[in-house]
Structures are given as structure tokens and as C-alpha cells.
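S.K.: Chains as they are written, first to last, in the working numbering: chain A, 1 to 277; chain B, 1 to 312.
Mixed in with the good hints there might be a few duds.
As the list claims (entries may be wrong) - Pair ranges (Cβ atoms, derived):
| hint | chain 1 | residue 1 | chain 2 | residue 2 | range |
| --- | --- | --- | --- | --- | --- |
| 1 | A | E161 | B | P228 | 33 to 41 Å |
| 2 | A | E272 | B | S212 | 53 to 61 Å |
| 3 | A | R55 | B | A19 | 52 to 60 Å |
| 4 | A | D91 | B | R3 | 35 to 43 Å |
| 5 | B | D209 | A | Q30 | 30 to 38 Å |
| 6 | B | S212 | A | Q30 | 34 to 42 Å |
| 7 | A | K110 | B | K23 | 42 to 50 Å |
To be verified - Mimicking DSBU-like on lysine-lysine, the simulated pairs with C-alpha atoms at most 35 Å apart in a straight line are:
| hint | chain 1 | residue 1 | chain 2 | residue 2 |
| --- | --- | --- | --- | --- |
| 8 | B | K165 | A | K110 |
| 9 | B | K303 | B | K213 |
| 10 | B | K33 | A | K203 |
| 11 | A | K210 | B | K33 |
| 12 | B | K33 | A | K201 |
Said to hold, decoys possible - Pulled from the structure, derived: some chain B residues nowhere near chain A, Cβ distances all over 12 Å:
| hint | residue |
| --- | --- |
| 13 | G20 |
| 14 | V24 |
| 15 | M65 |
| 16 | K148 |
| 17 | Q149 |
| 18 | P175 |
| 19 | A190 |
| 20 | D209 |
| 21 | V216 |
Source of the hints: derived by calculation from the structure; they are not laboratory data.
Don't be surprised by glycine CBs; every beta carbon is placed ideally from N, CA and C.
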Amino acid sequence: MVRITSSISELEELARRCRIEIVKMVHRAQAGHPGGSLSEIDLMAALYSTSLRVRPNDPDWDDRDRFILSKGHASPGMYALLAETGFISHDDLHSYRVLGGICQGHVDMKWCPGVDFSAGSLGMGLSFGMGCALAARLEGSERRAFVMLGDGEIQEGSVWEAAMAATHHELGNLKVILDRNRIQNDDFCSEQMRMFDIPAKWKAFGWNVKEIDGHDMTEIVDGIKFLDESNDAPSILIAHTIKGKGVSYMENNPSFHGAAPNDEQFAIAMSELGAVQ
Amino acid sequence: MSRMAATRDGYGQALLELAGNDKVVVLEADLGKSTKSLHFRRAHPERTISCGIGEQNMLLVAAGMASSGYIPFASTFAIFTERAFEQMRNGVARPNLAVHVCGSHGGTHTGTDGSSAQSIEDLAIYRTLPNVTVLHPCDDVSTRLLTKQLAKTDSPSYMRTARNKTPVLYDNVDPSTIQIGKGIQLRDGADVAIIACGVLVSEALKAADELSKQGVQATVIDMHTIKPLDIELVDLVAERCGAIVTAEDHSVIGGLGGAVAEHLSASSCTPLERVGVHDRFGESGQADEMLELMELSVPHIVKAAQRAINRK
Ligand SMILES: Cc1ncc(C[n+]2csc(CCOP(=O)(O)OP(=O)(O)O)c2C)c(N)n1
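So that you can see chain B by itself, here it is in the shape it has in the complex (with noise of 0.2 Å):
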């Protein structure tokens, strides 16, 4: 059995990391037990600064803050960056600052809170913003290495984690090989390629070991970057495999595989199936109950294979 851990985890740890650094600053807004933020808290409390439930008040505080050099991460729930979208992209997408904003509990996998916790979209927002990279990591230690990437970048960020905890895949691997920007392919094969983000990267690649059983070899990669995302990846997959699915916890409109979609229509006419929330809003739930629910585990996984693979 792999270890287990929750991406939160992995951002948590980052903002230590990165404390060496006294520009990084840290903002919350009543969420920092929950997007781990709080340890960062503990130990630099002059340097994290609490906004209450204010998450407008946090992204313009931290544009602010970056105008005047610090490097400031403020994280909420996914959902409630949301609320402040449009500070977002007045305030900080359109002046370029770079401020890191980071949505935990994303997507119908954070469970029985419900529909108003669970965001499906926001990845699809955030994609519509200019300046603005989006991330959406599958595991702690990806995500531990790409919010550190992003301290050293110029303009801002959106990347979601989750709460639960799914299977760690980067214990063992060398760091240089995740790189905001950068696909990465975690499994070989040439009949259909299955492109997946954040807690579904886990759920394709066991797609890809029942696909294997009946005779189907399927290429899986992580594209944990959606924004700007890795078309030459893309394109190289699209031609070796001929199929393309995309497997997000996240509506079937604007994200991973709205990215994808836009693309392929622009390059190529290989098929592509979408595997996500299917224009709905979920409801409480645990985590692999809303999977099933949803339509996004490996049995949907598998047969949005098969279709693409059909269309060819």
C-alpha cells in the first residue's frame, strides 16, 4: 500500500519551507486548521495575517501586499475564493501582482458538507482569468513542490488541494521532474491516453490497470498545471494514442477537459471524452460515495475509455 495524504497536507508544509524567505507572507480568513495554513501561523504569527471571514477584504489585502514586495499565499476553501472572484480579476489578475491564492476542499470529493462546500467550477473560473496559472496537484508531495515553485514566479496563482486524504505517487521520484507547466506521464500505452488532475489521477491510473485487463494499454498523465496548459503533451498524446480522456473532479464545462476540448478543436480531431461533474451540484456524501455518484470513478473512467476508443 502507498502512503496515504491530503494535498492540503502538502501546502501546509510548503508555506514552512518557504518561511526562510521574509517576504512570503500568509493570509487567512478563519480557514487555517483546514487549509493548513495554521502551521505556518504557529510559528510566524507577526507574518500571517488574519482577515477573518473576509475572504473579499484577504485577495485585496494580499494585492496590496504584493505591490509592495511581499510574496503573500492566501488560502479559504476553494468555494470561497470564489465570493471573491471579481477582486481576483480587478484586483490582481489584471495588475499582474502576484499573489497565491490557494482553494482547499475542492470538488465533491471533500464529502458531507454538501453542495454549498463543494466547488465544481472553480477551476474553470480562475482559467478564464490572464496572468492567472492554475494548479490543481494530485498529491502532498507535488504539491509541497510546486507552491514552492510558485514563490519564485512573477504573477499570480490559483491551485486547488483537498481535504481527504488519496495515495501519494512522488515519494520516490526526482524533484526536477514537476514543473508547473509540465505534464507528467505516469503510465505508458498506445490505445487511449487518459489526461487527469488532482484526486482522479489515483482513480485513472486503476482505470488504467482494469483497461489492461481487456487488452486496452492506456497512456495516464498527471497534468496537475491546467493553466497554461502543456499542449505539446497534449499533442503528442493525441497522436500516439488516437483517444484522449480527461478525469476531473470538477464540472465537465471549462476545466481540465474544457482546456483540453478547446484545444484538440483547434489542432486535431481526436476523439475526447470528458469524465467530470456533469452540469449538477453535488450533495452530502462521503468522498468515494460522491465519486460514484458523480460518474467520475474508475468504472466511468474506463468506459469513457472504451467510447473514446470507439469513436476512432
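The following block holds chain A by itself, in its conformation from the complex (with noise of 0.2 Å):
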């Protein structure tokens, strides 16, 4: 693992570095998704931290475990903890969403370090972290595939398939966490598609099911080790979020699912995250 750190307060300190890039790259942008890389960053910074085997400076390193965000329009978020872990620089940053940058819209492996897959049609991560949890059994290795999905992207059926197919094939080595933030692109899940009761769905499909707050630092590495520990079976980690989370005007807004903060939005932001200016 990168293992920057296990202290809740250097993630906490993490994941708030990270939050000034996200609203800083999307201001740059002025297009992309703020409030589903706010909701998810904590929960990255944290498995980047005290769980993934990967190398910044060997980033196709064979026996890395995979980390799939299959939610890819989340990029902001995958794009600024790469920059923290050392797998791109800084700089790099500066090319989200510009023509010929390693930052495109939507997390790419073709052209971004530290990328295990070309994202940005949802419902596709679980899949393709089976197969690659399915390979590292096939080569008798001890890497594991972490797969990243929005609650709004398994309304796909595809990820049911997947999720049918993991436990059919007793890969124990395959390792979910949830965005469970609410919304999704139009408006709240519970407008576009209610989906009752998510846990015991996994449940029925086998799966070994973990609930946390998303945002809380200590349950988020409890939750991280649970992933870690439970390898009897594919397992998943439903964490609550809010979309938007550390931005008074985005969290809980769906306005700011795919929309850039203007330059006044983003002196407030900038403040609240306490960003040196």
C-alpha cells in the first residue's frame, strides 16, 4: 500500500487536500463532477492508505491489487489522490479535461498511471473487476480487484449479473465499496428509482455486507479492514455519504452532480476547505 499514513487525523488532513483539488479542477474545468468525487474521497483516501498493494513509482506492477472506480465521472477525486500518492504530479492536474491531458473526463488506462480501467459508461466496474480478480486466481496470486460504484449506477443490470457471477465463483478476492450518497444525475435516487433495501440484496446475492459512515475516518478503516479480512466470499462495503460532502452549497444538492462552481462559489469552497489562497 501506498501507506502514507494510518492516522485518522493525517487521512482526515488527506482527504481535505484532496477536496481542494476536486473543486479547484473543476473550477479550472469549468465542467465535471464535484459532488460524487467529494462523496467518495474519503473513502479512497483511506483504502489508497492503509490497504492497496500498488507502487506510484511501478504503477504496472503485476501483482498490484486493481482499484476499478467504475463510477469514472468521479475522476476529480481518483485524479487528485494519484497526485497525493505520487502516482502523477500536480501539474498533471492542471489537464483535466484538456485537450491531449493524462486527466480526461472520465478515468482512462490508456492514459492516466495508476488507472486500471477505461471508465465512464456505468455499470461496467464490477465486471471487469471480476475478471480481474478471476485472473489473479487463475495465476495463483494474492491480488485483489477493489471496485468503486455509485448508488445510482447499480440501477444497470449488469452489475446484478456480476454480483450473481461472483459468488457463483466464490471470489473472495473481489472487494466492493458503495457510494451510497443518494443522488444520482437528474435528482435523488429516490425520485429516479427507489431501490428499498440495498444490504439485503447483497445479502441475497451472497455477498459478505459491511454499513458505515462514509465520513467518518475511524469506521471507514474499520470498514476497510473488514474488506481486508473477509475472503470467504466477494464482500461489500455500503458507505453513507453526502454528495457534495465538505461544500455547504454542493452536499446534497443534485444541481452539483455534473456542474462547476463560478468564481464566487468557488472563493466559498476554497474557504470552507481552508485552502491556503
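Please dock the two separately framed chains into a single complex, following the hints provided.
M.R.: Given below as C-alpha cells:
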């Protein structure tokens, strides 16, 4: 793992720095997806720091754990973390959504070091992660596949094809984090497609399931330990999060799924996140 | 300066105007704000069916409703309609059910979302399906009029709209000149015919201006209907100009260029040059940058015209 830290306060600080970069990227590009980046970032910061076996100076290392950002629109979160962990430079973040830039609108394994999946179409990452997990087992490798899913995303039927297949194939090395922020593109999930008892659905498919508060770092570190230690079957950490977390006017606001802040809003965000201007 | 508008707005407007027919229903897959079906949803929530992020389900729900006498309009991004291609093939086209699919944000022009969002094969794949009409209008006026005509047809359709604004061409034209299956001649010239669709129609007009400065007179056609192709018009301009250029924000394989090439190969030996995306994926960039990078912009259309003329 990157092992920048495993102390709770340092993890919180890492996530705060990432949040600042997320808002900066989306503001510079005047496009992109801040909401889902801000909801996922505490989880990803902890995953990279306490569990994921990867080497920033050797991003293509064969035996690395795979991290698949299936909700690939939330790329600013991933780019910020890749910069903080040394896979890419902070200068690279300026290439977000810029012609020729390694930080493409949606994370893309062909463009950016440290990215294991070419995302952008929802509902594809779990199947891909299952393939990575199967390949690891066939090769006798200890590596694992981690997949970050959005809650809107799990409305795609193919997610459930993969969920069923993963238990059939007893893939204990397949691990999912679900960013349960309750908002999708147009509106709240409850308006677009009610999903009722999500934990029960995964349990019924034979998965190990744990629910946490996705912004409480102690619970997150615990949750990731649960993923690390549950190897008898595929496992899912359902993280209750707030879309836009950390920027007051973005929090719980469907409008900031895919919209950039204007200059005035940007200044407010920077001040709320404690950025040194 | 002419008015600028996005074709997706013409689609949204047409749905509202169609709402008087209570058989018209709208299906969404969490992109109503983007496709512009949201206006219909706000006015008629009871006839708007949210399918969540589930395009495959949406297509077949639409088919079931069509089989029960409704007139479904189902929309999402062009690229994500493709996920339901087999549903469209077996569940919609084969039984010839009048489901109208609208794919917005088509082409590389859609911009900085990058290659995963840039459909450059939609026209090609839907064109292979029997019974399916394939449209790609160039402005909001024609999009609105064509969408309204679709509601009266009894077979399925696919229409691509674009995300970004382009010049409006038909504010002051007689609406009866805009008909499914009929190309529109926008400019007359005897040396070469540029047959374009969608966001490249206004680029083709600019290219014709450039060519005219060089003493080359170009006919420009808005071929908003890719299928059925207006072959009479293609034959007419092939005969009159003796050289043809097609222009589309789509792969050169199988779309408008493919359709014209297939037709010409059986009817005449008119030289044809295809402006389109050359067998590659896009990337993140602004709309104008993408047209440049993909070799779709005015200078590329001009050069293609010169090549076609040289081959006469
Ligand atoms: C197959 C597919 N359909 C539609 C979209 C368009 N889209 C992008 S993000 C999004 C909403 C995603 O919601 P969720 O998974 O909850 O992500 P988050 O809230 O974490 O950003 C939609 C519909 C897409 N990218 N892929």
C-alpha cells in the first residue's frame, strides 16, 4: 500500500487536501463532477493509505491490487489522490478535461498511470473487477480487485449479473465499496429509481456486507479492515455518504452532480475547505 | 449572426408540443436534464417513466408500451442507447414497434467528457437494422419538426441530437420543406456536392464559402435522414456536380459516408471523399478542438472537396 499514513487525523488531512484539488480542477475546467468526487474521497484516501497494495513508482507492477473507479465520472477525486500519492504530479491535475491531457474527463487506463480501468459508462466496473479477480486466482496471485460503485450506478442490470457471478465463482478477492450518497444525475435516487433494501439485496446474492458512515474516518478504516479480512466470499462496504461533502452549497444538492462552481462559489469552497490562497 | 441553439433543445420542445396526444409517453434513464425530456416530465409527470440508470430495460419497456398502442419516446446519451442495441434489434426493430429512440450528446463535438461519451458509431449501427429510420438533424428547428413527424410514423426510429449549440438554419423556412427522407439543398454549385448531417452542416456551408473564394462552386445538402437515404437527390447531385464529399461527426465507416458510398458503388462512378472520424476514438477537448483534431473542420472539408474534384 502507499502507506502515507494510517493515523485518523492524517487521513482526514489527506482527504481535505484532495477535496481542495477536486474543486480546483472542476472550477478550472468549468465542467466535471464535483458531487460524487467529494462523497467518495474519504473512502478512497483511506483505502490507498491503509490497504491497497500499489507502487506509485511502478504503476504497472503485475501483482498490484486493482482499483476500479466504476463511477468514472468522479475522476477528480481519483486524480487528486493519484497526485497526493505520487502516481502523477500536481501539475498533471491542470490537464483535467484539457485536450491531450492525461486527466481525461472520465478515468482512462490508456491515459493515466495508476488507473486500471477505462470508465465512463456506468455499470461496467464490477464485471471488469471480477475478471481481474479471476485472473489473479488463476495465476495464483494474492492480489485483490477493489471496485468503487455509485448508488445510481447499481440500477444497471449488468451490476447484478456480476454480483451473481462473483459468488458463483467464490471470488473472495473481489471487494466493493458502494458510495451511497442517495443522489444520481437528474435527482435523488428516491425520485429516479427506488432501490429499497440495498444491503439485503447484496446479502441475498451471497455477499459479505457491512455498512458504515462514509465520512467517519474511524469507521472507514474499520470498514476497509472488514474488506481485507473477508476472503471467503465477495464483500461489499456500503458507505453512507453525502454528495458534495465538505462544500456547503454542494452538499445534498443534485445540481452539483455535474456542474462547476462559478468564481464566487469557488472562493466560498476554498475558504470552507481551509485552502491557503 | 444567426441564432445559435442545440438540437437537443428542439427535441425537448417537440415533446412538449406532442403532449396534446395522450398516447405520447416519454421514457428516461437519468439523463432527462441532458436530453431535454425534462420539460415534458415537468409538464406531464404521469406520462414520463423513469427507468433509472437502466437503458436496456428502458428500450423494452418502450417496446411493450408501443405494442399496447402508446407512442414512446425514449432518450439518453447516444452512446448509452448503444448498450441496448440488441434490445433495439430483437425487441423493437424485428417486431417493427414504433419506439422512437433519441440519442443526445452524439459525436466528438460533445466535448470534454471524453471518448466514453462520444458516440461515433450510432448512425452506423442503427442503419443496419431493418425498419429503423435514422435521423441526425442539424438545427433545433428541423429537430423539432422531424420529431413531431416521427410521432405519426408506424415504425421505429433512432435520432441523434447534439449537446452543443450550432447555427440555426431554418428559422425562416417553410416547415413543409423539412420532411423525413428528403435531403435539403442549402446551396447550389456545379463543381462539387457536399452532403453533410448534424453539426457539420454549418461547417459545410462555411467550406462552400471558402471554396467559392477559390472559384469552386459547391452544392451543400443537409442530409438529416441517413436512412432511408434520399437516393434521388444523391443521384441528382452526382450527375450535376460529378464529385461528392460527405461530412459527419461520426466514423467514416458505416454512417452517412458509408450510406452514400454504398449507393454510389451500385449506381455511378462519381468520386467520393468522406470527411469523418478515421477509425479512432476521441478524447477530452472542447467542441471546436475536437472538430480540428478529428479532421472534421472547414479546412478538412475544403481539402476533401479539392481531392474529389481532382479525381473527376
Ligand atoms: C451507462 C450510463 N448511463 C448513463 C450515464 C450518465 N451518467 C453519468 S453519472 C450519472 C449518475 C451516476 O450516479 P451515481 O452512480 O450515484 O454516482 P455519484 O452520485 O456517486 O456521482 C449518470 C446517469 C453513464 N455515464 N453511463
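S.K.: Look at each hint and say if it fits the structure.
M.R.: Each hint tested on the structure:
1. E161/A <-> P228/B: 33 to 41 Å: 37 Å, holds
2. E272/A <-> S212/B: 53 to 61 Å: Holds, at about 57 Å.
3. R55/A <-> A19/B: 52 to 60 Å: 58 Å, holds
4. D91/A <-> R3/B: 35 to 43 Å: 41 Å, holds
5. D209/B <-> Q30/A: 30 to 38 Å: Given a distance of about 31 Å, which is inside 30 to 38 Å, the answer is holds.
6. S212/B <-> Q30/A: 34 to 42 Å: Cβ of S212/B to Cβ of Q30/A: about 37 Å, so the range 34 to 42 Å holds.
7. K110/A <-> K23/B: 42 to 50 Å: 46 Å, holds
8. K165/B <-> K110/A: 30 Å, holds
9. K303/B <-> K213/B: OK: K303/B and K213/B at ~14 Å, within 35 Å.
10. K33/B <-> K203/A: 34 Å, holds
11. K210/A <-> K33/B: Holds: K210/A and K33/B sit about 34 Å apart, inside 35 Å.
12. K33/B <-> K201/A: 29 Å, holds
13. G20: Consistent with the label, G20/B stays out of reach of chain A, its closest Cβ about 25 Å off (over 12 Å).
14. V24: 20 Å, holds
15. M65: 18 Å, holds
16. K148: Non-interface label stands for K148/B: nearest chain A Cβ at 24 Å, farther than 12 Å.
17. Q149: Non-interface label stands for Q149/B: nearest chain A Cβ at 28 Å, farther than 12 Å.
18. P175: 32 Å, holds
19. A190: A190/B clear of chain A: closest Cβ-Cβ about 38 Å, beyond 12 Å.
20. D209: The claim holds: D209/B sits with its nearest Cβ about 27 Å from chain A, beyond 12 Å.
21. V216: 31 Å, holds
Violation of the numbered hints given earlier is absent; every hint is satisfied by the structure.
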